[in-house]
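Chains as they are written, first to last, in our numbering: chain A, 175 to 424; chain B, 43 to 463; chain C, 64 to 384; chain D, 11 to 300.
Hints are not guaranteed to be accurate.
Stated by the list, open to error - Cross-link-like lysine-lysine pairs, in silico, BS3-like; alpha carbons within 25 angstroms at most:
| id | chain 1 | residue 1 | chain 2 | residue 2 |
| --- | --- | --- | --- | --- |
| 1 | A | 242 | C | 175 |
| 2 | A | 295 | A | 316 |
| 3 | A | 294 | C | 274 |
| 4 | C | 309 | A | 242 |
| 5 | A | 263 | C | 309 |
| 6 | C | 274 | A | 280 |
| 7 | A | 278 | C | 145 |
Everything labelled a hint here was simulated from the structure, so no lab data went into it.
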Amino acid sequence: MLKVNDVTLRFGGLTAVNHVSLELKEGTINGLIGPNGAGKTTFFNLISGVYTPNEGEVIFNGIKLNGKKCYEINRIGMSRTYQIINLFKKMSVVENVMVGLHPKLKSGFFSAIARTGSQKKEEEAAREKAYEWLDFVGLRSKALDPAGSLSYGEQRLLEIVRGLASNPKLILLDEPAAGMNSKEKEELDVILRKIQKLGVTILMIEHDMKLMMGITDYIFVLNYGKKLAEGTPVEIQNNPDVIAAYLGED
Amino acid sequence: MKRRLLAGCMAAAMLVSLAGCSSAETGKTEGNTTGNSTEVSSETGTTEGKSDNDPGGEFVLGSPQPLTGVNAQAAQATLNGIQLAVEEVNASGGIAGRQIKLVSYDDQGSPEEAVKIANKMIEVDKVDGVIGPLLSTCQMAQGTLLNDAGIPTVAIGLSPSFMQNNWEYVVRSSLNSDYVMKILAENMTQLEIKSLAIFSGQDDSSKAASNAMKTEAEKAGIKVTTTETYVDGDTDFSGQAAKIINTNPDAVFVASYANVQPIIAKQLRQFGFEGLCFNKELFQADSLKVAGEAANNWIFAYPYISYENIEDCDIPNMKEFITKYQEKYGELPSHEGAMRGYDAVMVLWKGAENSGSADGKAILEGINKISDFEGLAGTFDYTAGDGEGIRTCNSYVISGEKYVLLDNWLKEGGYEAIKSK
Amino acid sequence: MNKMKNLMNGKMVPKLLLAVILLLVPLLFQNFNYGLLICGFIAVYVIAISGLDLVFGYCGQISMGHAAFFAIGAYGSAIMHKYLHIPALLTMIIASVAAALIGALLAYPASKLVFHFLSLATVAFGEIVYQLAAQSPGGITGNFTGFYTESINLFGFQINTNTRFYYFALVCVVIFLSAKHRLVHSREGRAFLAIRENAHAADGMGINVRKYKVMAFATSAFYTAIAGGMYVHFVKFISPETVSNKQSVMFLTMLLFGGTSSLAGPVLGAASVLLLNEGLRFAERYQMLIYGVLLLAAILLMPGGIYGVIQKGQQKLRRVK
Amino acid sequence: MLIQVLISGLVIGCVYGLIALGYSLIYKASGLMSFAQGDMLTLGAFLGYMFYGQLKLPFVVSLVCVMLCMFGLGQLLERGIIRVLLKNNVLPVYIVLATIAISYIIQNAAMMIWGTQTLTFPPIFGSSLVELFGVKVQPEAIFCIIMSVICMLFLHVFMKYTRFGTAMRAAAMDPTAARACGINTSFSTGVTWGLSAGVAALGGMLLGPIYGVFTMLGAIIGRKGFSSAVIGGFGNMYGAMLGGILLGLIETGTSAYVSSAYKDMISYSILLIFLFVKPTGIFNEQAITE
């Protein structure tokens, strides 16, 4: 469903992403690991349209993404979360999710002002849908609180469910478990499985190896912007290059 | 929840605003003026009978002037002149026996403020007469309101535009700039000027003056080489000055605010223009100081001139005025607005004197009967009924950084001296 | 179903009470034209400021040249009315649509500018429109001599007295505020808020940031232009001084005094600043100095504006309860 | 005529440059924008009139006094108002509006203290005109050009090569990092505001003798300073000066050769065009786009 062929991104002299190719299969949970500064988040920004690759191409469900803007890529069905939480702090929790629904809603400017029947119905349906998504992560009780007032773990979950609201085919999760305690990590594990059941493919950056090895079907390893290895979690655990890169022997 | 909040706030806002208006209405903030005008009396609820002229009541005189902004200097001088006149009139019994209470406002030179002030003067202060604002745009905005309320206004603006709205209750105590332009055109033909460049501000009175100058000049067969303008508040006119000189006119006509006069004078001389310059109004005394010798050979036609010291003045009533002005304010009038304001109050007083009543209509009829009233600007004659009291004035030339009557200057051969240079 | 319950338990009462008060105002102030005039001005400014609130309070895009749209609304309506003899109400709408288009035209290239430079672009735009009004080609705007026009003629019913204009302005305020209320609580409103909060994330959530910035600018231009049209047909005279950059600063001051991103903020802001202006009349030439000092004090002490203070008060009340 | 246009374009351009230097300094040091620079110029002119005109101090002494007073005022402004606003982290527009309030206060306070007349700033080099390329020019005009260039060079050297200058630039780029390396950022931002006020006051002292001193002297020049700063590249010292001179020449040229009616409109349109087409200005200062 996502094919990345030989993609390169240069910042002036620095090659942040160096000829990386990978492919994601429908409905799988994929991991993206590598030491700090390996170019993981840059790779995410590359796919989601924040940067345009200097070389190579990114194909998503047969559509070439090079040069498309973030919101266009989002509308084709790819959502994402951010390493540093990017919630709309002063808006309420449920409103954050409703913003996620934005591409799915139809009501325009004038129907909003005239408050036509269809617009009212669509708004109510959107609000219901948002509440459903809040149940999905157990945040319904805090629906009307400002997003900024949630705990760190809850904000992470809200960001994930905000991404899911537009029923994407693929969701990119940038270190969802960062800053979570073990109980929250267990909950995250359950939620990730629920997301997979919805048929949504996941590509996840994460440093917590226990969580990654338990949940992912397939893992890619990046180091210094190059793809070091790929394979099932077991293969990756015993792959000498990966171990060397992590333990820094070479 | 949102709807309740909206409703509550709307109510709160409207009530706040209405309470505010009513509090303003009960004269809490009565316009008190600097200087020793009569003590501020809190407004009684009853509305004074406008028509009766019981001696007990006061004659409320409104004066909205642009006390802040670019024209603050002229406005302050005008206010001083008005206050001086008010004291004099009160000392000699007031208007039709009623002491004048001056109510002064700052209209910041904005027509919107002028409209609000006009309404406040009519409703809250219940003015019996108004001295018009210095800026014609404010006069234009206020004119209809005061006219429909039957309140006599003595305007002091120079531009002809606001006198064309046939407002019955508005008369002018200053000199309409169209007449000044006729006089200047006569001077130009007298001095055999063949070509003229025009440098004008965008404000209404400058625009009106430069347009009138263009028509008068063409009528007198003088070719207008170019018309340059400047933006209000601008200080650099070198581009315009260079262009004017490039068309090498015999003379340059300048229509501008007071603080622009010295700058353009210096820049014209700096760029090598030695010819005569004509100014739409009096070349102010302190502008003369800033301009220095660059102001020499500037000619203007104006009813009054400002003085460095009292001895220079040889017109009896003017000398008396500037002496009293110096006593009260410790300085000579810095802008001729003082004379305009003074004359305006005097015209109003004379009008009430002729008709013997303080009622708006009566004052107006009284003013239209004035035929030989000796004001600072000269002899006022309103009998023509078009609201213009002054029609002629003499011309002056600046020579040796002093005001000199044009006729004397010509007799002494001052012009030949320049022509030969 | 909880909506119906609210209607029943007297939520209608404050709204009815407000409506009664507002309708009674002219009767209470029979001979008090000045008060009504100020209320008329307040209504005009409420609409202009609500427009500015849309683009600044909700969408986070600063505009320091909004007097330009006020000018387009006022001059457009007055000129069309005089030369094309179109009835005043229609010219107001046409001029406002034109202002909205010009607003969109300005917003499109300006949407990539970061805060300070967007404010510079709007200052420049405001100055250009002011210069055009001050020395228009062929003197169509009457330049500094000003431009006279007539009051609105609603199918034969001349709105020329302060009382009639008060009611007309009241109707306009209700229409425009409820439209803003609905817009803010819709998909577009959420998009505006998302852009204000975090444009980068909004982009990631499928919101075409540029399109919504342009929409916010155009809507606020429409509001401010309508206010300009109402002003010119109320005062029946317009000249360039009214649309100088001092006016743009006045709009921003009122919005910040009142409190941004709220329905009541602009109302409180417009009312308080205008009344303050009237209250300071006694100060004559020191009026602007006091105004500057008060403005500075308000910014330092009351960043949320009056509405912010009320909200803090409500929150404290709720916590106490 | 061309020479006249060039010289006067240069004079007004240099003053625009000085104001633009002030904007760039403030922006470089605190990422903010002050709308009170024009009025700092006016205040500088009034103080200059007081020291040099009324107290009859020699010009150099009064220049130093004025610069010190304005330096102090600039710091006072930053510490008293801007920092308080930054502390209770208000929206940037509040700071912009605060500077506008300050400019109202300065204008009206100056009017109250020095009255409303146009005051004569006594000439610095006697009142005789000087011949330059066959054109009679006021000596103050040449003095203005020279002083502006000196000021720009001084600032450039100060910012680039002195320890304190580099500290100020570091504080602007990343206050937290600068603090980590022991730079007292609050002090350095205060100094920057003081410096830019001093530069504006210098502009006032230079313009005073040419145009006279009145409350609205700096109003329009202040806004034009923005255009010159953006044209040159906002935040860049060279850019400010070059932008100022370019704008001065373009303005004087258009009003001489084309028409003076739209002189102001042209300078604002240039600002708009640069903002939309080349926001980074001639010196490619990466300050503007997101």
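Hint check:
no., hint, result
1, A:242 / C:175, "holds (17 angstroms)"
2, A:295 / A:316, "holds (24 angstroms)"
3, A:294 / C:274, "holds (23 angstroms)"
4, C:309 / A:242, "violated (43 angstroms)"
5, A:263 / C:309, "violated (34 angstroms)"
6, C:274 / A:280, "holds (15 angstroms)"
7, A:278 / C:145, "violated (47 angstroms)"
In this structure, the earlier hints numbered 4, 5 and 7 are contradicted, and the remaining ones agree with it.
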